[in-house]
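S.K.: The numbering of the sequence shown is the numbering used here, which starts it at 1 and goes up by one.
For the record, the hints were derived by calculation from the structure and aren't laboratory data.
Honestly, I wouldn't trust all of these hints.
[Claimed, not checked] So the derived label-pair ranges between C-beta atoms look like this:
no.	residue 1	residue 2	range
1	Asp-327	Pro-192	48 to 56 Å
2	Arg-133	Pro-258	41 to 49 Å
3	Pro-258	Asn-12	44 to 52 Å
4	Gln-238	Leu-132	31 to 39 Å
5	Lys-65	Ile-332	50 to 58 Å
6	His-16	Pro-76	22 to 30 Å
7	Glu-183	Gln-317	49 to 57 Å
8	Met-287	Thr-115	39 to 47 Å
9	Lys-65	Lys-187	44 to 52 Å
10	Ala-122	Lys-187	17 to 25 Å
11	Ser-392	Tyr-112	17 to 25 Å
12	Ile-254	Thr-279	14 to 22 Å
13	Ser-37	Pro-393	29 to 37 Å
[Claimed, not checked] Dumping the calculated DSBU-like pairs for lysine-lysine here, alpha-carbon to alpha-carbon at most 35 Å:
no.	residue 1	residue 2
14	Lys-300	Lys-49
15	Lys-65	Lys-237
16	Lys-44	Lys-239
17	Lys-237	Lys-49
18	Lys-44	Lys-19
19	Lys-300	Lys-347
20	Lys-369	Lys-300
21	Lys-347	Lys-39
22	Lys-369	Lys-237
23	Lys-19	Lys-237
24	Lys-347	Lys-237
25	Lys-187	Lys-65
26	Lys-74	Lys-44
27	Lys-262	Lys-187
28	Lys-369	Lys-19
Beta carbons are placed, not taken as given, at the ideal position from N, Cα and C, and that holds for glycine.
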Amino acid sequence: MSNFYSSRKPKNIRQHNQKMILSLLQLVDEISISELSEKTNLSKTTISKMFADLCHAGILLSAGKGESTSDGGKKPELFALNPEYGYTIVLSIIQPDRIVCSLTGLLGRVRYSRTEELDPEAGYPALLSGILRAITQTLGETGVPTDQIMGIAVACSGIVNTNTGTLLYPTHEPWGTHLPLREDIRKGLAFPVDIFIDTAHRFSAYAEFLFEENRKNNPVIVISTKYFLVGASLLTKQKLVPGYDGVVGDFGHIIIDPHSPKRCACGRHGCLATLVGETTLLERASMEWQKYPASPVSQKFLSGSLAPRDIFAAASQGDPFGQSLVDYLVEIFSILIHNLISLNSAKRVVLQGFFASEGDYFLRRLREKVLNFNRFRLCGNIHLDYSQLDLSPDYREQEPYILGASLSVSNHHFDTLIL
């Protein structure tokens with residue numbers, strides 16, 4: 001374990017600076033040595049030497065010349081990360097009838113994708129065979145050498161021990177329990193590679209590190225409603241909090257309503273994951289539409305075309321039925337956020353998923369509700385916002401779990417890289 005003195009050895013200082021520079025390069029399309037010097041307080045000489053090493057390793061590329069300053073003079077040379085330096089294979093086993101295998105470049109952009117069909121009634125051996133087949137065919141069809149694969153990430157739904165790479169309790173029961181995915185995938189491959197197993201929600205939360213405001217040391221709570229379930233994760237000090245003994249610290253299993261008739265896959269009643277989400281929202285609409293026959297939400301339901309975005313749009317336009325459905329979500333999430341802030345002193349909450357689809361009614365009401373819990377000033381300076389992954393055109397069409405998994409693998413690669 002490093003201490004105050006060992007961390008200041010030249011080798012450790014160099015590696016620290018290397019990590020810092022690579023981390024900042026992930027946030028920009030291109031940058032000059034002088035700009036990076038201003039951001040890091042490192043000398044231009046230090047950065048120049050490090051850039052030379054990164055270029056030699058193929059991690060960094062020259063991106064041409066920038067604009068001259070207002071005083072004129074020589075145009076600065078710009079540099080950017082090489083998107084083809086290394087690749088990540090990201091597999092999704094979120095749905096029981098398919099495996100989605102994606103090959104991403106260094107910046108998380110999907111270069112290739114294929115879907116492997118599965119028999120949803122088949123057990124774990126069929127799942128494992130499908131994963132290995134998807135990896136092998138992806139490498140064969142893309143021609144990417146195995147020594148350019150920085151890592152393999154598997155996005156699951158269920159309870160995961162991230163330390164051992166074990167899917168303890170998948171949401172799909174026919175697969176069984178305590179699945180040693182990392183160990184079995186490693187045994188089935190003919191080349192050495194780092195393998196990471198985690199939930200899709202937590203990989204999605206890690207993608208928030210693509211934005212500078214989420215890289216600060218203050219804890220950030222990320223709530224996601226994608227991939228059929230609801231999850232919440234905690235980011236702090238540029239790390240995703242792993243939970244006790246590597247068992248995923250997934251706040252989706254916090255009990256919000258112990259009297260709820262809905263039983264969670266974890267065996268308990270009233271978990272957040274069972275109370276909110278796209279499926280639950282549509283179920284509530286199906287049970288209550290008769291109270292609001294003239295509502296556009298009811299009309300959409302009767303036509304069989306109702307989607308969560310329709311409910312959020314109707315709520316933002318003042319429809320009473322839409323607002324009653326959204327207010328239910330607001331109540332649940334305000335309780336969750338208050339509890340998490342009480343435990344973690346987070347100052348920022350990021351909402352991923354269908355929340356941001358239509359209008360601002362949900363966000364406005366949630367902010368009001370959270371502040372109502374503010375008697376002890378727990379939420380006084382809280383920033384509650386939709387994720388830029390849902391709002392930005394640069395990211396809206398991409399799966400957050402793929403972006404997060406790719407970023408996590410590349411960061412692990414750079415953390416262990418010594419030039």
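S.K.: Hints numbered earlier in the text: which of these fail when held up against the supplied structure?
M.R.: 8, 14, 19, 25, 27, 28
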